[in-house]
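Colleague: Residue strings, one per chain:
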Amino acid sequence: MEKKRTQVEDGAPASAAAPGVKTGELAVRDVPAAEVASARVRVNKAYKMYVGGAFVRSESGRYTQVHGAGAGADPETVNVPRGSRKDVRDAVLVAKNAADKWAARSAYNRGQILYRLAEVTESRTPELVESLVRAGASPADAAREVAAAVDRTVFYAGFCDKISSLFSSHNPVSGPHFGFTIPNPMGVVGVVAPDAPSLLGLVSTILPIIATSNVVVATASEADPRTAIVWSECLATSDLPGGVVNILTGQVAELAPQLAKHREVMAFDGTFGSKATELRAELERLGADSVKRVKTRSNLPLGEWFDDRKGQGIAWVERYIESKTVWHPVGV
Amino acid sequence: MTTALFKRSAPTRASRFPLFNPPPVDQVAIEERVANLAKRSIKKASKVAGLKLSISMMDLTTLEGKDTEGKVRQLCRKAVRPLDSDSELPSCAAICVYPNFVRIAKDALGASGVKVASVATAFPSGQSPLEIKLEDVRRAVEFGADEIDMVIDRGAMLSGDYGKVFDEIAATKEACGPAHLKVILETGELGSYDVVRKASDLAIAAGGDFIKTSTGKVQPAATLGVTLVMLEAIRDHFYATGTRIGMKPAGGVRTAKQALQYLVVVKETLGDPWLSPDLFRFGASALLNDVLMQLEKERTGLYQASEDFSKD
Amino acid sequence: MSDITKGAPGVPQAGTPASFALDFGKAWEYAPAPESPDHVKIAPKYELFIGGKWTAPQSRKYFDTVNPATEQKLAEVAEASAADVDAAVAAARNAFEKYWAKMPGKERAKYIFRIARAIQEKARELAIVETMDGGKPIKESRDFDIPTAAAHFFYHAGWADKLDYAFHGRKARPLGVAGQIIPWNFPFLMAAWKIAPALACGNTVVLKPAETTPLTALLLAQIIEECELPPGVVNIVTGAGATGAALVDHAGVDKIAFTGSTAVGKRIQRAVAGTKKRLTLELGGKAANIVFADAPIDQAIEGIVSGIFFNQGHVCCAGSRLLLEESVHDVVIRKLKDRMATMRLGDPLDKNTDIGAINSKPQLERIKELVASGELEGAERHSLACAIPEKGYWFPPTFFTNAGQAFRIAREEIFGPVLTIMTFRTPDEAIEKANNTMYGLSAGVWTDKGSKIFHMATQLKAGVVWGDTFNKFDPSSPFGGFKESGFGREGGRQGLGAYVEVE
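Chains as they are written, first to last, in this note's numbering: chain A, 2 to 333; chain B, 841 to 1152; chain C, -18 to 484.
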């Protein structure tokens, strides 16, 4: 199998006149007629963004071509939506509408749903591995990344109903009051997933945010958007309510500022390449208008994404928690 | 009540209710209780008996702007004989219509024993002057209504003007003359079970024969939770006075299964006397066909298609 | 108008004519709705589950387990002797050293998640067997015991790789082999309460279920087998007191966890004294359920009923002492009687049954003996007048009024559907009476006033205080007693402490 680094290019290639083909002549690529006639014709999958529990194209109608050969069912080139400003706006509204119901679910129920996601993701391992391989990973690395993503999902599944007891306190205030502090979600969190690892980075960034009852609008890896869409199909079949996680594909430089600006977005978490210093500063500035909690980081070394202490855990969870303190009298 | 006493513009009538303090209602426990009751398993003979009972308790209702004489006459036929193929089935308790259709319904129902209920008092909002609301009632009774379904002034209820709510119910009761009075609380607008309980106690004390959840024009309409809260008010009144007040959940009861759940709540809260159309009604339109379908299923053993049942 | 200004309409005035009685009769009756046990297979004979194998007891002795609702034998179950217990402990030790302690927490977690899932998948079967073996209503085993057991496995699975967070940065190490002895009132749920945290913390287990209700623990062993846990991680040894004693006395056990009576708990504590074994005890209770006059009375009635009649009152934290503020005594009694009149005693497999069978003949005898003592001491008895099935062990829901604090029915744990009602006048008096017991497992407070709940909760000497609710359990919520109700907690972050050594 020829391994080809994924290439992503915008719009339709200008292929009216492909190289080597002269107008007026027969096409040079010749396939034996009998082979075509007897072969089963494959059904190609349309790759779409995941918004409000449904798979949608960009309202803009734009697309990006993603190339990459592999053994699976896809052609070498697939068209992936190129999300727009309005797609961000629509996704944020959808997320906002899902936020209260998600936060109202019991922690146990959220844990059950994430565990279901782990089960479904595990069962889709072949397709996820295939997608990562098409994007340039070795089969062994791809398999390791998918396994780590499943394990990470199990980790957060088991975290949902621990978070409150780890972050709450009884406050021994002086005087006849019972005081306690409990974690609350923020609401809609905007996420920019790292370019790589395209699956593990996305999963590791999104799950702690929804485990703490927030909802997410994320942009997928720009280098490998297809894998994020395959993972969206796991989300869609996992009992996760529509709108809790929304995944857009497209160009980070175009979409991220929209997330950082949107006033319904309460927090922003982005992972960027080392050269994105200016974009990161700009996003942090944009967030100030609505006093957004903005966290931007330079992409972690690959090994840290796989590390169970650095790629997951309390530090990831506490970032999107608001602490609420309650005072209540004690008396008869 | 402090809300009323300290409100500068509160009508003085409100101060006549300084001790009006119904018991608190705990939302979580109410909903837990009805969820448990809803799990009662009603099968076979008890299902058939319960469904037949629920038909006999139905106030078959049409309250549309597009109501016509034809529609009302068809509905009356259906109320008298719900299923053409089964003459053994009971008739519905009543037809519930706007005042304009009372005469037609009365005529269509004849001596069938099915009652005519009319909504009145500027249904569904109740936002009209009292004289007009009372005239609405008097005319409906004059047209032949056996029962009047009034709405309370929710605005007055929520602003703490209990005196106004009470007086209007009492005046309506007087205007009803011989007709029975059902008092619609519109629980979907009252915001909490505590206020539902307050409104229930007011309606009972002011002379309502029945208390009723909803107009059907506001969501949520009837729920098992508000029904239980209202049944508890009825129970406490019975404990205190020996008088039995009726109950009518209306709106939102669409399936046979729901109807049986309501009957379970009634059976286990108030007991046998309330398992009768004299003291319990369903305000419904779509419910009847689902009940008929389930009864046919029980009779034939086959699941039924909704197309096989006349729409009205 | 005068009738509403008189006061709360919810409170009948004194001298209410008794003729205004509600009638819960036969106008519309529920047809029998039995859960069908058809597809449930109970084997004629069960062996011991030791080292991942089903093993015949070395004594070759078996005992019967019967359905307390029919007195019919359900199966024969192996009686583990000291030698069998020894084999089980050795298997657990081997599994601890060879597999379980070495396995990363995140992999242990996945095994425990598997168990949780398998319980959900087999929920109906487990509920039916639980009800047949123990006598509890199917609606309780179906809606409470089995789902809560699955929840305990789910919850603790999540801790397995997060123990570092639970102890404020200190390192937690497993103890080794845990010997666990559980009672007959929640056979499957108690197995889950014991096994799930032990496994999550990296221990291996030898569990002894109660002799009257061994079947669902054995079904759990089958589940554990199907989930492919390494052999010996969980071992189930069935038997009676002698088997339990052998487990407690075994030198190879690092920890004993016991749920049961206070008398047996004290014996175990003595037996463990002088050894290095860690011990947690969840023992008896005589919980006060305190109802203030400002409570939502109708909802308090539900809490009183579930507090004492849930699981036929076979609940260590049952609200078996009802303390009523004097001004609402009469109305509460009236409402309680009416509420009890709707209760349905009978076939535990019927989905509408509220009160099932008493778990065993000896337990029925004990209930009868204590009820007789209440009558003898002068308390006034009210029991639900209902038909009692001819076969099986049954006791109707019952309460006593006019009981004194010193009466046996006010001091001793009856562990049956019997409520003792007393009154108080002030919050201080309520606290004093509530705390006037050797037990301290739980308490309930009913008032519409939040500050009063917090005040009472502060003053009550009990491990769990329920405000405007009762008998609520959750794996995230630590459960356990003060005083002679035992020590240690189960559930929550605190519950993990029972199964780890913290550096």
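Hints listed in this document are in silico derivations from the structure and should not be mistaken for laboratory results.
All of these numbers come straight from a predicted model, not from anything done at the bench.
All residues carry an ideal CB built from backbone N, CA and C; glycine is no exception.
Please note that the accuracy of each hint is not assured.
Claimed, not checked - Below, in silico cross-link-like pairs of lysine to aspartate or glutamate (EDC-like), each with a Cα-Cα straight-line distance of 20 Å or less:
#, chain 1, residue 1, chain 2, residue 2
1, C, K103, C, E10
2, A, K97, A, D309
3, C, K87, A, D75
4, C, K83, A, D308
5, C, K83, A, D309
6, A, K87, A, D309
7, B, K883, C, E57
8, C, K87, A, E123
9, C, K414, C, E482
10, C, K91, A, E255
11, A, K311, C, D145
12, C, K332, B, E872
13, C, K7, B, D1118
14, C, K91, A, D308
15, C, K42, C, E57
16, A, K49, A, D101
17, A, K262, A, E123
18, C, K152, A, D75
19, A, K276, A, D196
20, B, K879, C, D124
21, C, K91, A, E120
22, A, K49, A, D31
23, B, K892, B, D907
Stated by the list, open to error - In silico contact screen, one side only, chain C against chain B (beta carbon under 10 Å); selected entries:
#, residue
24, G6
25, Y11
26, P18
27, D19
28, G33
29, W35
Colleague: A separate judgement is required for each hint: does it hold in the structure or not?
Modeller: Right, here's what the structure says about each hint:
1. Distance restraint check for K103 (chain C) and E10 (chain C): the Cα-Cα separation of roughly 32 Å exceeds the 20 Å cut-off, and the hinted pair is therefore not satisfied.
2. Pair hint K97 (chain A) plus D309 (chain A) does not hold up; C-alpha atoms about 31 Å apart against a cutoff of 20 Å.
3. For the given pair, K87 (chain C) sits about 34 Å from D75 (chain A) by alpha-carbon distance, which is inconsistent with the 20 Å threshold.
4. Our distance criterion of 20 Å between C-alpha atoms is met by K83 (chain C) and D308 (chain A), whose separation comes to about 19 Å.
5. Note on K83 (chain C) and D309 (chain A): the hinted pairing holds, with a Cα-Cα distance of about 17 Å set against a maximum of 20 Å.
6. For the hint pairing K87 (chain A) with D309 (chain A), the CA-to-CA distance comes to about 37 Å; that exceeds 20 Å, so the pair is violated.
7. Only pairs whose Cα atoms come within 20 Å are accepted, and K883 (chain B) paired with E57 (chain C) is rejected, the gap being roughly 35 Å.
8. Pair hint K87 (chain C) plus E123 (chain A) holds up; C-alpha atoms about 15 Å apart against a cutoff of 20 Å.
9. Straight-line distance between C-alpha atoms of K414 (chain C) and E482 (chain C) comes to about 38 Å, which puts the hinted pair past the 20 Å bound.
10. With a CA separation close to 40 Å, the supplied pair K91 (chain C) and E255 (chain A) exceeds the 20 Å bound.
11. Straight-line distance between C-alpha atoms of K311 (chain A) and D145 (chain C) comes to about 14 Å, which keeps the hinted pair within the 20 Å bound.
12. Between the alpha carbons of K332 (chain C) and E872 (chain B) the distance comes to roughly 17 Å, so the proposed pair stays at or under 20 Å and holds.
13. A C-alpha spacing of about 17 Å is found between K7 (chain C) and D1118 (chain B), which places the hinted pair at or below 20 Å, so the restraint holds.
14. A threshold of 20 Å between alpha carbons decides the hint, and for K91 (chain C) with D308 (chain A) the separation of about 18 Å falls inside it, so the pair holds.
15. Annotation: proposed proximity of K42 (chain C) to E57 (chain C) holds, straight-line Cα distance about 10 Å (limit 20 Å).
16. Simply put, K49 (chain A) and D101 (chain A) have alpha-carbon atoms about 26 Å apart, too far for the 20 Å limit, and the pair is violated.
17. With a C-alpha separation of about 36 Å, the suggested pair K262 (chain A) and E123 (chain A) falls outside the 20 Å cut-off, and the hint is violated.
18. Restraint check for K152 (chain C) and D75 (chain A): the C-alpha separation of about 49 Å exceeds 20 Å, so the hint is violated.
19. Straight-line distance between C-alpha atoms of K276 (chain A) and D196 (chain A) comes to about 13 Å, which keeps the hinted pair within the 20 Å bound.
20. As the CA atoms of K879 (chain B) and D124 (chain C) are separated by approximately 10 Å, the hinted pair is consistent with the 20 Å bound.
21. At most 20 Å may separate the alpha-carbon atoms for a hinted pair to count; K91 (chain C) and E120 (chain A) meet this at roughly 11 Å.
22. A distance of roughly 32 Å separates the Cα atoms of K49 (chain A) and D31 (chain A); the hinted pair therefore is violated under the 20 Å criterion.
23. A distance of roughly 27 Å separates the Cα atoms of K892 (chain B) and D907 (chain B); the hinted pair therefore is violated under the 20 Å criterion.
24. Nearest Cβ of chain B to the Cβ of G6 (chain C): about 5 Å, under the 10 Å cut. The hint holds.
25. A distance limit of 10 Å between C-beta atoms decides the matter here; for Y11 (chain C) the minimum to chain B is near 5 Å, and the interface restraint holds.
26. The beta carbon of P18 (chain C) is not positioned within 10 Å of any beta carbon in chain B (closest approach about 16 Å), and the interface hint is therefore violated.
27. The criterion of a C-beta within 10 Å of any C-beta in chain B is not met by D19 (chain C), whose closest approach is roughly 16 Å, and the hint is violated.
28. With 10 Å as the threshold, the beta carbon of G33 (chain C) stays out of range of chain B, its nearest partner Cβ sitting at about 39 Å, so the hint is violated.
29. A distance limit of 10 Å between C-beta atoms decides the matter here; for W35 (chain C) the minimum to chain B is near 36 Å, and the interface restraint is violated.
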